[in-house]
Amino acid sequence: MREKIVLIDGHSILNRAFYGVPDLTNSEGLHTNAIYGFLNILFKILDEEKPEYLTVTFDVHAPTFRHEMYAEYKGTRKPMAEELRQQVPVIKEVLRAMDVEIIEKAGLEADDLLGTISRICEEKGMDVAIISGDRDTLQLATEHVKIRIPKTKQGRTEVEDYYASDVKEKYGVTPVEFIDVKALMGDASDNIPGVPGVGEKTATKIIMEYGNIENAYAHASELKPPRASKNLQEYWDQACMSKTLATINTHADIEFHLEAAKHGDPYTKEAHDYFQKLQFKNLLSRFDVEASSNKIESHFKEINEKDRAEKVFKEAEKASTVGAALTEDNGNVLPLFAHASGYGRLTIAYGKDKIYSIVCGPDMEMDYLFERLVHIAENVQTFSMFDLKKYLPVVKITKQENCFDATVAAYLLNPLKNDYTYEDVAREQLNLMIDEKADPMTKACYEAYTAYAAAGSLTEKMQAEGMYHLFTDIEMPLVFTLFDMEQAGIQVEAEALKFYGEQLGARIVELEKEIYEMAGETFNINSPKQLGVVLFDHMQLPNGKKTKTGYSTAADVLDKLAPDYPVVEKVLEYRQLSKLKSTYADGLAVYISSDGRIHGKFNQTITATGRISSTEPNLQNIPVRMELGRLIRKVFVPKEGCVFIDADYSQIELRILAHCSGDEQLIQAYKEARDIHRMTASQVFHTPFDEVTDLQRRNAKAVNFGIVYGISSFGLSQDLSITRKEAAQYIENYFETYPGIKRFLDDTVAHAKEEGYVVTLFGRRRPVPELKSSNFMQRNFGERVAMNAPIQGSAADIMKIAMIGVNKELKEKGLKSKLILQVHDELLIEADKEELETVQEILKRQMEQAADLDVPLIVDMHTGENWYEAK
DNA sequence: CCGATCACG
DNA sequence: ACGTACGTGATCGGG
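Each residue of the first sequence is one higher than the last, beginning at 24 in this note's numbering.
Keep in mind that the hints were calculated from the coordinates and are not lab data. No residue lacks a Cβ here, since even glycine has one placed at the ideal position from N, Cα and C. Check before you lean on any hint, since a few could be wrong.
[Said to hold, decoys possible] What follows is a set of in silico ranges between Cβ atoms, one per label pair, in the way DEER data are often shown:
(1) Lys568 with Lys300: 53 to 59 Å
(2) Thr710 with Lys300: 40 to 46 Å
(3) Glu338 with Asp883: 50 to 56 Å
(4) Ala241 with Lys569: 52 to 58 Å
(5) Arg747 with Glu257: 49 to 55 Å
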């Protein structure tokens with residue numbers, strides 16, 4: 024059997040991966056997409072070829088290199104994108120860690136390295152596979168040298184293979200002739216001029232007939248298109264030079280030692296560490312899982328007998344830290360005695376060799392196991408679980424101080440992730456790989472063990488980053504507050520909701536008819552695509568913006584057309600009504616439980632800024648701005664004997680901005696309870712306070728909002744329908760009025776650029792990796808995020824403190840009233856009528872005293888028989 | 001499963 | 001010249 028070597032064109036593949044794989048960054052903000060794509064291709068090739076030898080070549084004439092596939096320019100070279108450049112040294116380090124030989128030699132093209140090594144190996148009687156994204160390498164194909172060109176097609180990599188015969192088949196010429204074709208046609212991206220007037224078609228035809236340019240030149244007078252004939256003679260020197268440029272040197276002066284390229288086991292400890300750091304979860308699974316985790320797995324024990332379980336419980340109660348996992352048992356063990364909740368197995372860990380998975384059974388029902396778990400939780404120092412709130416309905420812990428939610432901790436350390444699985448935490452904190460295909464018991468043991476073992480390092484990291492108080496004093500108590508709110512739910516009048524939906528439905532049918540009539544055809548009005556075609560093609564309305572997929576039919580576009588085209592007005596009304604019906608009337612109805620209430624979820628680990636999010640259903644976006652939508656709030660009612668109290672912070676974000684920036688003007692204004700928007704208008708538009716018009720005040724309000732969002736003249740101009748220039752002038756005037764704010768925002772961005780993150784008043788961090796981007800737009804986005812996150816995040820912190828305080832005081836005083844909703848700056852309480860005044864006082868005090876700022880925090884409160892009235 | 005749209009703060 | 005406001009979630013249509 025012939026031995027085989029795989030030769031990889033490093034820069035070419037890295038480049039291809041960079042453009043083929045969507046942008047990825049690890050939590051340190053390092054771009055990793057090219058490295059990831061490169062390694063995927065590498066592993067795919069290794070799996071297929073199983074070669075004895077492997078070498079990766081890099082050419083070293085940074086900052087540019089010759090074969091840049093995606094350079095869409097002529098002559099000049101675009102410098103390598105920063106996001107790609109930073110990945111080059113990393114991939115080299117990763118390859119070295121994998122014991123892969125790298126060959127690079129200053130002044131030599133990667134092609135010349137590949138060509139030379141390929142020739143040497145073929146002469147030794149080996150098979151060669153060259154992996155490159157560059158078709159120039161096709162000239163190297165022979166009977167034993169295969170050129171492999173990876174293509175990314177919809178996320179999947181497919182590889183095109185070329186032996187000499189395949190080149191001939193596809194291009195009509197042999198690999199050697201391929202050089203001459205290129206000499207004639209030229210290549211802009213390689214600075215090969217070629218012969219003017221000769222393109223791919225002509226060049227191929229000439230070479231197919233004459234074999235090379237020399238022979239073609241000898242028969243120049245016979246060449247078919249007269250233009251080619253004339254130009255080949257006229258530009259003969261240029262053709263010869265092109266051929267030299269196009270020819271890969273297979274006798275370059277390099278040292279190549281086959282033994283050094285010997286391909287061994289790439290799954291080294293060092294490589295594992297790199298993959299970990301780069302957060303390549305999928306690729307990590309290629310490493311030998313057994314080796315790293317066998318030790319721990321050997322301590323996993325399943326328990327089915329009550330006396331053994333009892334021993335474990337007794338021992339666990341005395342431990343300082345206990346991790347636990349509650350799981351449904353999807354194995355074939357025994358789901359027979361599973362609880363109504365679905366749980367059938369309790370797994371606890373309190374040491375490296377103390378990991379027990381207890382299965383419920385006839386003499387150990389889940390309810391009993393839950394009780395024992397509560398007892399443990401309340402007797403140890405630290406009781407750790409992932410997503411604790413989820414289990415509180417069955418694990419009825421009252422002593423909150425011991426609890427540690429590892430999901431929440433992981434979220435605080437990096438709030439940008441989509442999820443916080445125990446697998447991720449195990450990998451990041453404990454260097455542990457978990458086999459995806461493991462059985463339910465093994466997984467449960469890992470989950471419990473990770474909860475146990477990661478609590479320490481998560482705590483250390485939170486302390487190191489100044490977030491431990493945020494965790495213990497705000498986030499952990501909040502877990503229980505949110506749980507109480509979910510349990511409480513909110514009562515909804517199903518009948519009224521249904522009626523509301525029917526009213527909407529009737530009007531929608533009418534509108535549908537009218538629109539079809541005006542359009543002269545029927546179509547799906549809910550399809551932006553179809554709507555765009557009908558309005559802008561068939562009806563010839565003047566079209567403005569476009570989206571990637573067609574015409575934009577967004578509300579701001581249609582708004583401009585509505586005055587002139589009645590059909591557009593109908594469409595807008597239709598849109599509004601169908602949104603109300605589908606999302607709110609019909610959408611909410613399915614969430615009403617048998618107790619007549621909706622128990623939505625409040626999520627604590629979703630947002631990048633620290634806000635809470637609401638799902639299933641989203642109760643934080645119930646209509647309020649438009650009257651018709653606002654009416655929905657009438658179906659949200661307090662239970663018998665109760666009223667709603669709705670309390671919202673007045674301009675909390677602007678107040679935080681005043682506090683953080685220390686701007687004297689703004690602070691003074693808030694202390695004197697002035698009308699901030701009016702005052703801003705007066706200053707920005709140079710108008711006496713009492714003469715500010717409504718329009719001026721509205722505009723100033725928009726500027727204030729813009730400041731909080733991380734202002735840009737474009738954004739403001741869009742919002743106010745004014746020119747960018749005018750918007751820029753507003754902003755300039757604003758910053759002149761409030762110099763402290765300008766300074767604060769600049770400092771915040773500078774800090775973010777320096778440190779890579781911004782911080783809220785209570786220590787919450789948000790990383791801003793976009794600031795390192797070479798992309799203008801991304802960087803701008805990063806700057807706005809840096810300005811907004813501390814403000815939005817601090818407001819979230821303060822509201823969380825208030826919620827915990829309100830909930831706690833209501834419970835401690837034995838009141839029946841309950842906190843039931845949070846809408847970012849607003850709390851809704853279902854208050855017992857007897858307790859109304861007490862609760863109002865508690866609510867106002869807890870909210871206004873939640874933080875001690877340089878400006879007062881003011882709360883507006885309303886009561887009502889439903890949410891519509893209370894708001 | 002993604003993009004467009006639109007509801008909220 | 002670039003192409004944008006910050007943060008969410010649900011629904012729909014269309015691949």
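A quick look at each hint next to the structure:
1. Lys568 with Lys300: 53 to 59 Å: violated, 43 Å
2. Thr710 with Lys300: 40 to 46 Å: Roughly 57 Å apart at Cβ, these two residues miss the hinted range, so it is violated.
3. Glu338 with Asp883: 50 to 56 Å: At 54 Å between Cβs, range holds.
4. Ala241 with Lys569: 52 to 58 Å: holds, 56 Å
5. Arg747 with Glu257: 49 to 55 Å: Holds - the Cβ-Cβ distance for Arg747 and Glu257, about 53 Å, lies within 49 to 55 Å.
Violated hints, listed in ascending order, are 1 and 2; each of the other numbered hints is respected by the structure.
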